[in-house]
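Go ahead and model the full structure; you've got the sequences and the hints to work with.
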Amino acid sequence: MHRTTGDPWALHSTGTIRGRNGAKPEEIYVVDGTAYVNEGGGAWEHGPLSDPEFADKVEDPLAALDGFRGYGDGITLAEPDGPEGRVELRVRTTTARLTGVRDEGVVQKALREFTPTLEQLRAAGVTAPESRIIVAGTEESFVLDASTYRVTAHTFKCTFLIPHEGRQIRYDQEVTERTAGTYEGTVVLPDGVG
Numbered sequence: 000m001h002r003t004t005g006d007p008w009a010l011h012s013t014g015t016i017r018g019r020n021g022a023k024p025e026e027i028y029v030v031d032g033t034a035y036v037n038e039g040g041g042a043w044e045h046g047p048l049s050d051p052e053f054a055d056k057v058e059d060p061l062a063a064l065d066g067f068r069g070y071g072d073g074i075t076l077a078e079p080d081g082p083e084g085r086v087e088l089r090v091r092t093t094t095a096r097l098t099g100v101r102d103e104g105v106v107q108k109a110l111r112e113f114t115p116t117l118e119q120l121r122a123a124g125v126t127a128p129e130s131r132i133i134v135a136g137t138e139e140s141f142v143l144d145a146s147t148y149r150v151t152a153h154t155f156k157c158t159f160l161i162p163h164e165g166r167q168i169r170y171d172q173e174v175t176e177r178t179a180g181t182y183e184g185t186v187v188l189p190d191g192v193g
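Residue numbers for the sequence shown follow numbering that gives the first Met the number 0, beginning at 0 and rising by one.
Honestly, the hints are just simulated from the structure, not real lab data.
The model shown is predicted, which means the values in this text are computed figures rather than measured ones.
Honestly, I wouldn't trust all of these hints.
Calculated cross-link-like contacts (lysine-lysine; reagent style BS3-like; alpha-carbon spacing at most 25 Å) [to be verified]:
#, residue 1, residue 2
1, Lys56, Lys23
2, Lys56, Lys156
3, Lys156, Lys23
If you want it as structure tokens, here you go:
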């Protein structure tokens, strides 16, 4: 899988961030290696894609597929079936203590997402060591068109259980992307951004 031209590429995506406090819109542009992010209609933030804070916000399915290659033998393949003609690649982990699955690629990806929250929990007094944190599941999948091999869908899910004062704090994340093919237009930043 690769981008089909040597031309500079740009990305524009819109979505919704859902959490316990409701949903808020998210809009992202990537132009010349810089990400421009607006969450909830507030002020635009920007930074280089080399900054993990911004790189984690950009859901680029081809970059995610490149990372997926590193999962090795854990990937399962569902052959094309039905009139849709789709191929599905998937990797999963089962429920396990974090220390037992920490080195698995999909868990490392989940940890990049989970670590900022864990740091906030630690600052608030949650002291459970990694040996007691449970990875209740991680899963990543790609759906590809069987004839063109274009990515049509990408899903990433993870759940961590953190013991605290006789109960568990549950951290869940699910990212779902759908793509509709090649965009033939020009991606242009909105006025006042950049």
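Check: Can you list which hints this structure breaks, lowest number first?
Finding: Of the numbered hints, all hold.
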